[in-house]
Every structure is written in C-alpha cells, then in structure tokens.
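Protein chains in written order, with the working numbering: chain S, 1 to 103; chain R, 1 to 238.
Among the hints, a few may not be true.
Which chain R residues face chain S? A few, computed with CB under 8 Å, are given here [to be verified]:
#, residue
1, ALA62
2, VAL86
3, LEU107
4, VAL153
5, VAL156
6, PHE184
7, SER201
8, VAL210
9, TRP220
10, TYR221
11, THR236
Simulated from the structure, these hints should not be mistaken for lab results.
Please read all numbers here as calculations on a predicted model, not as lab measurements.
Every residue gets a Cβ at the ideal spot worked out from N, C-alpha and C, and that includes glycine.
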Amino acid sequence: MIESDPVGFISLLAAMSAAVYLTRAGGYWLIGRVTIGPRLRRMLNALPGAVIAATIAPILVQGGLRAVLAMGAAALTMYLWRKDFAAVAAGAAAAAGAFALGL
Amino acid sequence: MDSEIEKPSAPRWTFAAFREGAVAALPILPGLAAFAMAYGIVASRKGLSLADALLMTGTVYAGLTQMVVLETWPSEITLSAGIGIVAITLLVNLRYVLIGTTLRPLLHTSPAYKVYPALYLLGEPNWLLSLRYHANGGRDPNFLVGTCAMMYVVWVSATIPGFWLAAAAGDPRRFGLDMVVPAFFVAMLVPMWKGPRRSLSWLVGGAAAVAVYTLFGGYWYVVAGALAGCIAGAFTDD
Chain S
1 MIESDPVGFI
11 SLLAAMSAAV
21 YLTRAGGYWL
31 IGRVTIGPRL
41 RRMLNALPGA
51 VIAATIAPIL
61 VQGGLRAVLA
71 MGAAALTMYL
81 WRKDFAAVAA
91 GAAAAAGAFA
101 LGL
Chain R
1 MDSEIEKPSA
11 PRWTFAAFRE
21 GAVAALPILP
31 GLAAFAMAYG
41 IVASRKGLSL
51 ADALLMTGTV
61 YAGLTQMVVL
71 ETWPSEITLS
81 AGIGIVAITL
91 LVNLRYVLIG
101 TTLRPLLHTS
111 PAYKVYPALY
121 LLGEPNWLLS
131 LRYHANGGRD
141 PNFLVGTCAM
151 MYVVWVSATI
161 PGFWLAAAAG
171 DPRRFGLDMV
181 VPAFFVAMLV
191 PMWKGPRRSL
201 SWLVGGAAAV
211 AVYTLFGGYW
221 YVVAGALAGC
231 IAGAFTDD
C-alpha cells in the first residue's frame, strides 16, 4: 500500500503539486500572451461541473438506493438552505439511516 | 488588454493589506473547515496515514482535486495510476487558468519574483475576495496573500479532527461517512445549476464516466467524463 512505497507517494505528490501550480500560475502568465476565445472559455467554465459529475455518476449508479437517498438529501438541503455543511450532514445522515434499515 | 491600462507607481506589499485579507477570509472559514474535515475523513477511509494526509493537503493544496483523486485512489501506486492521477489533477484545476487571467490587473505591476510564489496558494475564495478588493480600489497584492495564508492554516489543521473522526467511527457506512464526499460534490453542483441546457456538460460527463467505468473499471473514468463534459460545454451556447 502507500506506506510501503514512500518514494512513489512523494513523487506523486510532487507531480500533483507541480500540475496544480502550473494551472494556478499558467493563466496569469498566459494572459499577457494569448487571448482566450469564447469557445475555450466555455470549455474551461464547463470543466468543474463535468469533473464533479464524472466523479459522482459511477458512485450513484454503483451505490444503489442508499447512494441515491444520500445524494438526494444533500441536493435538497443545499437547494433549500445553501449551506454546504448542512448538505453534507444531511447526506451522511440519510446514508446512515439507509444503512441502519439494511439498504 | 484592459490589464495594461493602469500603470501606477511602485507596488506596495504592506502588512496592513495582509491583515485586511486575513480578516476578509473569516466568513469562509467554517465552510472551509467542514470541507477539510471531509477530506480528512476520506483520507483516513482510503488508508492514508495522518502524516501522509497532511503532506498531501499541505503541498497539493487543492481541495476538489484531493477529493476526486482520493475517491479514485489506487491500492498500489503504479506508473499508470500515477499518470492518471496527475491527469485528473490537471483537468480538475484547469479552471485556475481562467482565474489567473483575471488577477492580472491586481498583480501585473509587481515583480515576478513576488507574484509567482504568491500564486502557489491561490484558490477560488481568494480570487473572489481579491477581485472585490480591487474593484473597491484596493491595489496592494498582499491582500491576496493574507486571504491565502488564513485559509491555508485552517485548511491544513481542520484535516486532523476529520481524520480522527473517521478512524474512531469504524465501518464508515454506519455513520454515512462513505457518502460525505459524494454529498459534498452534490452540494457543490447545486449552486452551479444554470438550467438544463447549460448543464448538458454534467449529463454528458456523468454518462461518459459511467460508461468508461463499467467497461474498463480503474480510475481513468474521471478524465474521460471530464473531457467529454467540457467538450459538450464548449459547444453549448451561453
């Protein structure tokens, strides 16, 4: 696992940090040199949502009713109160309740 | 570019602006701490040690990336898994390219050796606060650094209680801890909802991810879904 491969873990963190920094500094560096057109801008705007959807969709499909209930509770709470902490708590509570019911 | 319009005198990086930035970040801290605790929970659940979890959060320092990466964390770090993780990291953070472009007016009068290290801790809240600061006439880049420093301290330290919580809870499903991150992701999507047309990229991204995951398993499904989604987004009118 991870503990048995500290070199791999550290190199991975270094590569991830470099990748993140590249994006953080890249836009600032780039803007003096190129123009970001409307299509590229729309693409970059769509990225965060697409990444999140791509991460949770398989969990939703795999997790069955329990995952549907948890994520539904989180979505509803967020929609009503706009508090991410409350949404996470509601999602976890729904998942815990479903587990207790044997789902 | 509009960023070149004003060419003021020598830029000042004062402690007063640093402190102003730190104070401006205060309202974000409860939400940030909750997010960091969620990260601590996942890190514990995926078998990272507390030291490893803190090392990751202190160096990579990109919350959404850490969540996505841990959710797809491999049981063994092979080269292929590593490349996949770095690809996910790049994709998740490509939005910073846009964010960075909008900071040009605040930072372009300062020397590069000051600006580029400061950008290391850039995040969305810092960016929003700095834009507001600049719009209100603020010109000291140390404001940005102040918001970043405050958030960094809270982000890294709030990981610890989350980690302990998950370690003490046993079976994560009993308290729904395995659904903390999915719930958080759903919560993040809700304010981003701009009607069904604008959110076509979510549907395409999600469907592509499910297809790739079902067919191949592994961890590349996030990359596939994100690419499919943002290509769909590029061809969706505003």
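For each hint, the structure was consulted:
no.	hint	in the structure
1	ALA62	holds, 5 Å
2	VAL86	holds, 5 Å
3	LEU107	holds, 7 Å
4	VAL153	violated, 18 Å
5	VAL156	violated, 14 Å
6	PHE184	holds, 5 Å
7	SER201	holds, 4 Å
8	VAL210	holds, 5 Å
9	TRP220	violated, 10 Å
10	TYR221	holds, 6 Å
11	THR236	holds, 7 Å
Consistency with the previously given hints fails for numbers 4, 5 and 9, ordered from lowest to highest.
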